Each structure stands twice: as structure tokens, then as C-alpha cells.
Amino acid sequence: MTHTTQKWSLGFVAAFAAVALSACNSSTPAPTDGGTTPSGGGTTEGGTTTSARPAPSKAPFTVKEGEVIRIGLVASRQGELRPWGEDSSNGAALAMAELAADTADGDPNKLIIEGHEIQLVVQDSNSDPVQGKNAAEQLVNQGVIGLIGEVASGITATISDVAFSNSLPLVAVGATRTDLSAKGSHFFRVCYTDALQGPVMAKFAYEDLGLRKMAMFTDKAQPYSTGLSESFSAKFKELGGEIVDEQFYQTKDTQFAGPIANTKAKNPDGIFLSGYFNEVGPLARQIREAGMTTQPLLGGDGWDSDQLLTSGGDAIVGGYFCNHYNSLEDRPEVKTFLDAWKKKYNANPGTTMGALGYDSTKLMVDAVKRAIMEAKAANKPVDSMMVINALENTENFPGVSGAITLKGRNGDPAKRALVVEVTKEGQKFAKAFEADAVMAK
Amino acid sequence: MTGISNSFWPVRLASVVGVVALCFALDRVVLAAAPAQYRLLILASLFVILAVSLNLINGITGQFSIGHAAFAMIGAYTAGTLSKNPTFANMPPAQLLAVMTLIGALTAATFGFIVGLPSLRLRGDYLAIVTLGFGEIIRIVTNATESLGGSYGMPVAPKVQLLWWSLLMMAVCIALCRNLLKTTHGLTFLAVREDEVAGLAMGVNVTMTKVVAFVIGAAFAGAAGAILAHTEAFISPRTFPMEMSFIILTMVVLGGTGSITGSALAAVVLFAIPEYLRTLTDAQGKAYEMNAGLFMGVLIGIMIAVAASKWIQTNVHEKGKKLGFYAGAWLAVIPLGFLFQTILHLSPTLKQLSFGIDILRYAVFAVVLIALMLLRPQGIFGHHEIGWHWFRKRPAGATEGGAA
Amino acid sequence: MMSGLPLWADLSFSVLPQQLVNGLLLGAIYALIALGYTMVYGVLRLINFAHGEVYMLGGYVALFISWQFGFTQDALMQNSTREGSLLLLGLMLIASMLICGFIGLLIEFLAYRPMRNQPRIAALITAIGVSLLLQYAGALFLPNSPPPSISEKVNPYRGEWRITLSQPSGESVAALAAAKATLDQRTREFDEQIKQERSKFDLSPAGVAIRDQKNQADQEFNRAQTIVNGQKSEIVLPRGQVVMFITSILLMLGLNLLVNFTKMGRAMRAASHDFDTASLMGINVNKVVTLTFFIGSALAGAGAMMNTTFLGTPMTTFSGVQPGVKAFVAAVLGGIGSIPGAVLGGLLMGMAETLVVWLGYGSYRDAVAFVILILVLLFRPGGIMGSAAVEKV
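Protein chains in written order, with my numbering: chain L, 1 to 441; chain V, 1001 to 1404; chain X, 2001 to 2393.
These are calculated hints, taken from the structure and not from any lab test.
Remember, it's a predicted structure, so these values are computed and weren't measured experimentally.
Watch out, some of these pointers could steer you wrong.
Said to hold, decoys possible - Here are the computed lysine-lysine pairs in the DSS-like style, where the Cα-Cα straight-line distance is at most 27 Å: (1) Lys-203/L to Lys-2232/X; (2) Lys-2195/X to Lys-2180/X; (3) Lys-2232/X to Lys-213/L; (4) Lys-2195/X to Lys-213/L; (5) Lys-342/L to Lys-110/L; (6) Lys-342/L to Lys-376/L; (7) Lys-110/L to Lys-344/L; (8) Lys-2180/X to Lys-237/L; (9) Lys-213/L to Lys-2180/X; (10) Lys-2195/X to Lys-237/L; (11) Lys-2195/X to Lys-428/L.
As the list claims (entries may be wrong) - A few chain L positions that, by computed beta-carbon distances, are all more than 10 Å from chain X: (12) Gln-255; (13) Gly-318; (14) Tyr-345.
What the hints assert, rightly or not - DEER-style ranges, computed between Cβ atoms: (15) Gly-2090/X to Glu-1318/V: 55 to 61 Å; (16) Leu-2106/X to His-1317/V: 29 to 35 Å; (17) Glu-1243/V to Ala-340/L: 34 to 40 Å; (18) Asn-2117/X to Thr-1184/V: 33 to 39 Å; (19) Ala-340/L to Phe-2141/X: 30 to 36 Å; (20) Asn-410/L to Leu-1299/V: 47 to 53 Å; (21) Gly-2090/X to Ala-347/L: 29 to 35 Å; (22) Ala-347/L to Val-2242/X: 52 to 58 Å; (23) Thr-1087/V to Asn-396/L: 47 to 53 Å; (24) Glu-374/L to Val-1016/V: 51 to 57 Å.
Note that CB positions come from ideal geometry on N, CA and C, so glycine has one too.
Hey, can you work out the whole structure from these sequences and the hints?
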């Protein structure tokens, strides 16, 4: 038996060596100074979400004088959220190109602020929370001072954990789930939250459309959808309405005749579809086919895609949803943005995520700039905590999706929410709601 | 178990101490030398556990389970739920992780027993489908259960990342599977694989053996899941998709159905490839596009060369010609690599976006699976183990044995 | 919402006929795909995991054909004649069937034929590999896209047919009208109040009182409505889905004729009964296998074309997984290897899913397939119409 034991130990050694080798293979050009080294033998962290916005405790990531500053973007370039992910990273690229062209440093392709070159590094999350986390870890290894992303709440939750444990700021692009901002003082977003859009749609349904009995269709597989349904129904009931039915489906379902028949028996005045556009289109089509032809269809910003019309056809026309901005708005930011986008990509942005990706990138660069100034004044190297502070002190930053103020708002900016109507030509503005009127209670 | 020499126990004790020491040493070394890879190494060792434990079911006992991720999921959710309990929440991190690993393993083992007992009446592809269905049921039910966080997932506190612990569990898993085969109990596993009827005739309790294999495999998957939950501090149904089971299956099939070390090595390699590809990117994702395309191209080229070599081996008999053919096949790897790089560049996904690493990874895994089945269905190492004996001189006249 | 209530409190039996019809319509497509699984298994004893992906490719064929005729993303803007639309639909159906058939052939020839003498597990792993390859290599080259579209304006299959089963009694209708009048009155009062308070986001106490009154009237109205609904029962048949159903049934009847009344069909049955003996008796089994794969894949192609076009589901290369798995369960349920079994299994699967939704467990809809699968395999491994022997030891 003895020799077999020895033989065996080699097996271990081989396996261990292979493990160690894989580590060497994947070593990165990351500048591993004080900021990225774990503090001790095995890092341990306690605490989940609390309302007081816990602050990250690790030593911040520092960039020395004159070195490149990298900003990381996690985008769903693959998977079911691809139309959104593509727009968000295209928007970010457009913002970087514009900023680079604006700075008077001679080179229109490089963004240089106070001797620091600013670069955008993009990683793909494949529309998947776990891959999103890996992508964020990879960005941390590449040495980024802050993270931008994602378009969906589920993925943003995992990225936020990575950012928190590395003391990096995170600017979420389109993650509207309300409880995300409680994750830590490093979390900011450029979009509104479901605490706004759910109630806005409830108020719109109740007061403007005069609906009293709503049915809801919720995508059980999407945190976004369950959260939105919850906030919608709470406000709608508070206003005096009644939710007569809620049916559940899962992402990638195609046949909805069963749940629709159940809903139909409850005679709703209107139907709230809180899922993403991929399922909303066929759902709308089948609702109309099942004989519910008059009930208005309503939804959240998950509807926003130029694919909605193709998959929903005539059925979706006349539906209302909540959006971040409208391409027909008469504001200079919107016009400049749309012109620049058309020039660069030869088309209109397919979804709102283009504007939000653009806004979040500009906001992040602006915060980095302010952090650099602050560092210069204090004669210190710039670090990620300074960027967090700069973001926290943002006031009236002019964004395409409206002015962004983050000061004293726990990461959730006061944004306007627009209700838009789906028409054959695109989205028609219906009504605007100011955030403070809804949120202040 | 006759003939245990006097040096048996001291050697055994020494090797146990040695392994534990090695785990701690590696932990320290990694922490000092490559802290950024600390988490990735934990994940790699967890995949080794998953692959080796699946190999016990698929390779060694000859069953066919493709729902292994479900057991990891059960372990992870058990750990995530119980660590909220104040009894456990106040423990020191290392102790908590140990307790959670144990409980996760026990829960998964229970489920393994529940699934295993009735479904092992079935064989082959039917068993495969039952395990697949079981995995999906677990995932769908979790997705729909609000108290487990539903589709949003469950934050797990505290976050505990301990490489030495996962390495230790990996060692335990490998050692247990390997030592099992040396006992009479273990031989029954092989008997079930080789010929159930003959085994039955020789008095092997076939059902019992299958259930034991299932339970042990499930337990280690549960342990890996529990460690994963505390390493990542966040779990959701999407952490354990159907594809995860397929990845583990690929690891087992690639490494060799029945070879413990083979599947361990395959797990590490298959885990490392996509992580390596991630690092090829530069700021704009440009370099990645070129390198990943070439990398994948060469990989496919190598597989074609292996196929060609196999063909040459059986069809070309003249010695000089044979060598020339071999050289030609392997030299063709480089141009083939560039050819496939060009083809991959035609892909709109890769060309326009420079992304799509996960898709590329699965596509290549699929090619590996098909190629292996066509060329060497028993996997690269077959039933062989990697060990010292590879370097020992073979007795004259001994042939390479054990190939299926 | 519903979870707080006891299970039966919320059931509405007037919906049951509609749900059963929905189940049939859904099941027909499952049956169409299940035939491919069952035919291949019958002849080769191989679970063709890639069948779901053949189905997925069928959707893409339909998409590309519709693009060829100019029906791109602007579905609402397109003009076409009614005849043109019908012609295009026919073309899409035939192209999907033919091309899917050839894809099935190709898969068999390249991946499965070399594995024929290998252990079945090796063939199964190959099948999983082919399935993953088509999904992921497909994702590298095929677009994520909206479904194939035909002109909405002249789509002959829009709208629905209605069948009234029973009408509500005059008494309950009168009660409903009275309740409605009260409700309207209360609602008007409340609307007045709302108008006054419009500038604020939340209601004042006075508003809350009026709201509560209105809610009470609302509840009474609901009660009356429930009674009326309980007495009224109708079935709505969306035309598109009826067309799908009829086409599926026609295809299945065609298959039945082919298998039972032609020489090739007899060869198929012989090979399915005993592959080796059939080949010894002079049957060209390779030809039989080829034909089996062709027909099975063509049926999947037809299902894919109809499902994507009429239901409007956006397409990805992963959209074949779920229908594939469910159809496979349907095949096992009916008795894998048995052609009438697959049809029966598909219809039962559709029914089972719809009934679970009717019971209010929509979240668990996808789990039903697997629960059925496991139960069938444990208690009647041969399925409903199959031979009982799975694999004798």
C-alpha cells in the first residue's frame, strides 16, 4: 500500500501545481499597489443591507500623478438584454469620444485631464449576474478607479458587491430596483427607481386613464419585474384602485393563453405588464387575440426598445409606459445627444439605455475630474474614495435624461419620469411627473 | 487488506499532515504573490470538487447524471439560509464555513438519496433525463420561492473567502474517491460500471452501490455549493444554470470517465481557459478580438490534427510516409489556427462587438465534447490516473492496460 | 396576490372550457416537435438532444424568408395583398420544413452515424454536444431578432372566433346593472374629489373617506360581476392559433398515412421494431434513418415557423431549448418510440401546463413538465402507449 500512497501524493501535487499555474496564466497587467491587496489571511466581511448606507472600509484604489485613470463599464453585450447592453456601451463610447474631442490637448482621440489620461475599459456580462460579477472582478484587476453598469437590477446587485468590497464607486445605468441604493455609500445611479416609476404609472392609470381595476402580469424570473409590480400595486391600491388579478410567467415563455384566460375572467379595466420587451410584445399580441381588445396596456421602462413594435404588432400600439427621456423633448441636451449619436452610429438609439449610458459616463468622468482637482489642491494622489465623494456632491449635472442631483439623496437622483404612448411612429410624450412630487411623503 | 506493512500508518499520517500543510502554504503563497487570483483559485478548486464528485457517479460507477449543479445549489441555499440564524452568525468565519460546508453536504446528500433511490431503477439515458429534470425542478422552485429570494437571489453573510479550506475539501474529495476504489466496497462500484449483471451474479448489491455513489457525489457537490455561497456572498438561481451541469460533465468527459486526477486536471484547465481569455483584452477590447480568435482557432486546429493522427495511425502503414503525414498534420495546426481566426472574424457577434467570450467558450466546449466522443470516448486519460508510475520503467512486455 | 387565499377560493370554473381549449392548442405544437424525438428514438434508441435546436433553426429560416420578401422590422408600415400574405406564409412553411429536414440529415450524417456502434451514453453526450454547438455557434453568427413578420394589415389570421357556451340569467344581469349604477355614482364623486386634490400626490382624509365608500360599491359590483361571470361561459379561439392547430393535425395525419400505408413506412416500422433484424431482411436501414431524421426535423421546422410567426416571440438561438425539452417530455409521456403516443403526450402536456396555470400556480408552469417526466419514468417507464420495457438487464 505504501507505494500507492506516494503515487497518490504526486496526484495532489499535479493538481495543485495545475491550480497554481492557472493563477500565473491569468495574471494581469493590473497595478497592484496598496489598494488591491487583501488585508489579511482570507478576507471576511459582515453585514448585509441597512438603511444607513454602509461605507466601504477597504483602502481606496490610488492613482499616482500622471498615470492613466481607467473607468470600467460592465455591459450586457450578449444575451437577452443585448439591445440594451449594446446601447449602453455605445452611449458610453460616444460620451468618451465627445469629451476627448472637447479637451484642448491637441489629440482628439485621447481624453487627458490634468495630466491623467482617462480610458474606458469595457467587459461583457452576458446578461448574467454571475458573469457580471466576474467581469467586474476582471475590471478591478485591470485597475479601474470606478465602475459603470448595468442596465438590469439583478446584474447590478452583484457588481455593486464587487465595487463595495474594493471601495470603488459604482454608477448604475438602468438599474431601477429600489433597494439597490441601500447597498452602500459607493452606489449611485443616473436613472430613477421603481419607487418612482411604479407609483407614476399607478397614478397615471388611476387619474389620467380612469382605470379602477387592474390586472398585472409579472415575470417571476426578473427581479426588476417583481419589484415594479410590487410598487405599482401598492400605490394603485393606496389611490383607491384594485388589483383584481396577478399572473406570473417566466422569461423566454412564448405561450400566454393560460394566464390570459384567467385574467379575462376577472374583467380588469387595464393591464399592467411589468416585464421586459421580449415577452411584453407576444403577451400584448395574445391578450388582444384572446378577446380583451379595449383594456389599455401599461408598463415600465422595460418596454423601451424598437423591437417592441415588431413583436407586439398592432396590439401594443396605444400602450403607455414610463421612460427616462423622450427623443421629441425640446431640450438642448437631448438634441445634441441625438445628433451626435446619428453622426456616429448612423441610426437613432434603439433604447433609452443609450442616453443613460452616455449620462453615466459623463457623470463619472466629471466626478473623476472634480476628484483630481481636489487631490491637486490637497497635494495628494487621487483615489477612488475621492471619486465617491465627488459623486456624492454632484448637483444639477446636465444629463440627456434630465438634471442629476445626487447630493444628500443616498445615491438616487431626483429624476423626472415621463409617461409615453406607443404609436406606430415611435413614442409619443403623454405626461411628465416630477420626482419630488411623488417621492416626498 | 492484507499485507499492511509497519510503515503504513506513519506514511499515511505524514501524507495527511503534508496535505494540510500544503493547503495552508499555498493559501499564503497565493495571498502574497497573486492576491487578485485568490477568489479565482477558490472557484477553480470548487470546480475540481464538482468534477471529481460527478466522476464518482458517471465515470467510476458508470451511471449518467447531468443534474450535478442542482446539488451544489442545494448546498449553497442551505448555507445561505442557515448562516442567517444567530446560532451560526456569531461564529468565527473559518468555523462557520466549516460548519456550513458540513451542513450543505449533508442536505445535498439527503436529496441525493431521495433522488437516487427511486431513479436508479432506470439506466443510461433515462437516468440522465431524470437527473436533468430534477435539476430543473430545483431551479424553478427556487426561482418561484420568495423566502429564498426568488429570482433576485439571496445575499449570504458573512463573506468568507478561505482558499486553504476549499483546497482541503478538494483534497478530501480526491482522497476519498481514490481510497474508496482501493477497498472491497470500492471495487463494487467498478463492478457496477463494467457489468451490472455479472456484478449481481457475484453478489454485488447493485442498487445499494449506485445509491451510495449518488449520495457521496451529491454530498461533495453540496459542500462545494456551500463554500461557493460564502465565497461569492450572493447566490441566485442563475448562479446554477443547466449549463453549469453541462460544464461539469464536459470536465469529466474530457479528463477521462473514471480517472479522478484526469477530471481534476480537466476541471482546472476548462475553468482557466475563459478566465485567461478575459485577460487578453486591452482597453478597447481590440487585442482580445485578435488573440481570442487565434487561440480558439489553434484549439480547433489541434483537435483536427489529433483526428488526423488517429486516421494516420490506422490507415497509413509505411513508416516514412507515416512520419511525414504526422508532421504535415501537426504543422497544419498554425495555418488552421489563422483560418479559423478568419472564420471567427466573419461572425457579426465577434467582429462588431469584440465580445462574446462566454458564447465562444461554450461553442468550443461543444466542439470538444463531440470531437472527444468521435475520437476517444473514454476521455483523454481514460481510466488511468496521473501519478509517479508514469515515470517508472515499465516491466518488459507490459502493455498499456485499462483502456475501455 | 393570490398566494394568501386558499387554493379553491380563487378558481373560476367558467374559465375551464377555455383553458382546456388553450391546452389543446398549446399541445398540438408540442406534439409536432415530440414526433421528431419519438421517431428517432424508435429507430436508433437515441435521444436526439439537438432536436430543439433544429426547431430553433426553423424559426430562423422563416425569418430569413420573410426578410427576403421585404418584411423587415417595420411590421406596421408594410403593405401587401391578402393573397401575397398567404403565399408568403406557405412559402415560409415549406422552406422551414425542407431546410430543417436537411439540417436534421446533416446532423445525423456527421455526428450520429459515426457513433452508431459506440455505447449509447457516448451517443447521448454527442447529442448534448451538437445541441450546445448549435446554440452557441449559432449565437456567433445569427442575429437576436424580432420574429418573422408578415403584413399586419392583411394578415388573414387576425381576430378570433367566439363560441358562447352559456348566458347569464336576466336576474343577475339586472343586479349587475344596479351595482354598476351605484358604482358609477360613487366613482363620479370620487373623481370630483381627485380633481380638487390633483396638485398633491396623496389623498386628504376627506378624499380617503370618499374613496372607501367607492371601494365598497366597487366590491359589491365585483360580487355581482362574479355571479354573472360564473354563469356566462364562452370560448375564444384566436384564428392564428386555430390555423396552427389545423396545420399540425394535417401534418400528423400525413405522417400517419406515410408510416402505415407506404412501403417506406413499413420499412420504418420494421427498423423501429428490430433494427438489426430489419437490416438482415434486406431493408436499407441507412435510408430509413435518413428519412426518419428528415421527417422529424421537417415537422419541427413547421412547428417553429408557425410558433414564431403567429405568436410573435423574439428569436434567439436559445429559444429551442424550452420547447425542445417540453416536447421531449411529451414524447416520454406518450411512450417514446410510439407515434400516436407522441401526439397524445403532446396534447396531455399542453393540458397539464394550462391546468396548472388555471389553478393559479403560473410560476411553476415549467416545472410541471419535469414532474410529469419523473413520475412517468418511475411508475410507467414505457409511457402511456409505449412498450413497458425500458432497458432490460
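Taking the hints in turn, this is what the structure says about them:
1. At roughly 33 Å between alpha-carbon atoms, Lys-203/L and Lys-2232/X are farther apart than 27 Å, so this suggested pair is violated.
2. The hinted pair formed by Lys-2195/X and Lys-2180/X meets the criterion: a straight-line CA distance of about 22 Å does not exceed 27 Å.
3. Restraint check: the Cα-Cα separation between Lys-2232/X and Lys-213/L comes to about 20 Å, which is no more than 27 Å; the hinted pair holds.
4. Taking the CA atoms of Lys-2195/X and Lys-213/L, the gap is about 19 Å. The hint holds against a cut of 27 Å.
5. For the proposed pair Lys-342/L and Lys-110/L, the alpha carbon gap of about 22 Å is at most 27 Å, so the pair holds.
6. Between Lys-342/L and Lys-376/L, the direct Cα distance comes to roughly 38 Å. Violation of the 27 Å bound is thereby established for this hinted pair.
7. Restraint check: the Cα-Cα separation between Lys-110/L and Lys-344/L comes to about 17 Å, which is no more than 27 Å; the hinted pair holds.
8. For the proposed pair Lys-2180/X and Lys-237/L, the alpha carbon gap of about 20 Å is at most 27 Å, so the pair holds.
9. A C-alpha spacing of about 14 Å is found between Lys-213/L and Lys-2180/X, which places the hinted pair at or below 27 Å, so the restraint holds.
10. Among the hinted pairs, Lys-2195/X with Lys-237/L is consistent with the structure: their alpha-carbon atoms are about 18 Å apart, no more than 27 Å.
11. Taken as a hint, the Lys-2195/X and Lys-428/L pair is honoured in the structure, with Cα atoms around 25 Å apart against an allowance of 27 Å.
12. A beta-carbon of chain X comes within 10 Å of the beta-carbon of Gln-255/L; the shortest separation is about 5 Å.
13. Distance check for Gly-318/L against chain X: the nearest CB is about 12 Å away, which clears 10 Å, and the non-interface claim stands.
14. The beta carbon of Tyr-345/L is kept farther than 10 Å from every beta carbon of chain X, the shortest such distance being approximately 16 Å.
15. For Gly-2090/X paired with Glu-1318/V, a C-beta distance near 59 Å keeps the hint of 55 to 61 Å intact.
16. Under the hint 29 to 35 Å, the C-beta atoms of Leu-2106/X and His-1317/V, about 33 Å apart, fit the expected range.
17. Our hint of 34 to 40 Å for Glu-1243/V and Ala-340/L holds, since their Cβ atoms are close to 39 Å apart.
18. Take Asn-2117/X and Thr-1184/V: their Cβ atoms lie about 34 Å apart, and the range 33 to 39 Å holds.
19. About 31 Å separates the C-beta atoms of Ala-340/L and Phe-2141/X, a value consistent with the hinted range of 30 to 36 Å.
20. At about 48 Å, the CB distance of Asn-410/L to Leu-1299/V agrees with the hint of 47 to 53 Å.
21. The given range of 29 to 35 Å is respected by Gly-2090/X and Ala-347/L, whose C-beta atoms sit roughly 33 Å from each other.
22. In this structure the supplied range 52 to 58 Å is violated for Ala-347/L paired with Val-2242/X, their Cβ-Cβ distance being about 39 Å.
23. Between Thr-1087/V and Asn-396/L the beta carbons are some 50 Å apart, a value that agrees with the proposed interval 47 to 53 Å.
24. The given range of 51 to 57 Å is respected by Glu-374/L and Val-1016/V, whose C-beta atoms sit roughly 56 Å from each other.
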